[in-house]
Structure formats: C-alpha cells, structure tokens
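A.B. asks: Sequence:
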Amino acid sequence: MTTMPWLVLVGAGLLEIVWATALKQSDGFSRLWPSVIGIGGATLSFVLLAVALRHLPAGTGYAVWVGIGAVGVATAGIVAFGETVSPVRVVFLSMIVVGVAGLRLVEG
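Position in the sequence shown (first residue = 1) + 1297 = the numbering used here.
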C-alpha cells in the first residue's frame, strides 16, 4: 500500500481542524468569512476523506481522520481560545494520538 492515501487522509484531518476552528469563530454563522472558511474547509475535508477511503479501510480511515481532528481542535482550543488544560485532559488526548499511530502501524 502506498503512502499517498495516508498523506491525503492527514490533509483531510488537518482541514478538520481548520473548519472546526473557523466554525467556532463564525459565531453561529453570523460572521461571513469564518463561516465561508468553515463550510469550505469541511467540504474539502470530506472530499479528501472520500478519496483516501478508496484505498484505506473505512473504519481505520475514519478513526484516523476523527483522531487528527479531535486532538487538533482540542489543542487549538487550549492555545487559541484559552480553554483549560489539565493533566487528565493531556493523558486522554495522548491516548487518541497513540490510537491513531497504532492504526497506522497495523494498516501499513
């Protein structure tokens, strides 16, 4: 299996961070540009996920996509929005990272 589907999947996951963060900034779709970035980013993220899933198992691909997004958005929340960080939160986010890495290892 080539690495291209994995690179596309990582790109889709990174776009998940962009669109979720933009939606936070859109203030319930009341601000134009964050709303446009959120909707556009979500659309492109879904398209890239679909492309990656042509070559990857659906369960693995989806779990990796969600994991990248979840950890990325939680990190963005801490860094950009001043959300609380605690040792327990860091442990659970780390568990997601380990799970995503493990899925990548078992799927090759």
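Heads up, some of the hints might be wrong.
[What the hints assert, rightly or not] Restraint ranges, calculated between C-beta atoms of paired labels, are given here: (1) Thr-1381 to Thr-1300: 31 to 41 Å; (2) Gly-1396 to Leu-1304: 12 to 22 Å; (3) Leu-1329 to Val-1388: 24 to 34 Å.
Calculated directly from the structure, the hints in this document are not laboratory data. Here the structure is a predicted model, which means the values were calculated and not measured. Beta carbons are placed, not taken as given, at the ideal position from N, Cα and C, and that holds for glycine.
A.B. asks: All the hints need checking, so say for each whether the structure fits it.
C.D. replies: A quick look at each hint next to the structure:
1. Range check, Thr-1381 to Thr-1300: Cβ separation about 37 Å, and the 31 to 41 Å hint holds.
2. Roughly 20 Å separates the CB atoms of Gly-1396 and Leu-1304, a value that falls within the hinted 12 to 22 Å.
3. For Leu-1329 and Val-1388, the hinted distance range of 24 to 34 Å is not satisfied, since their beta carbons lie about 39 Å from each other.
The structure fails to meet hint 3 from the earlier list, while all remaining hints are met.
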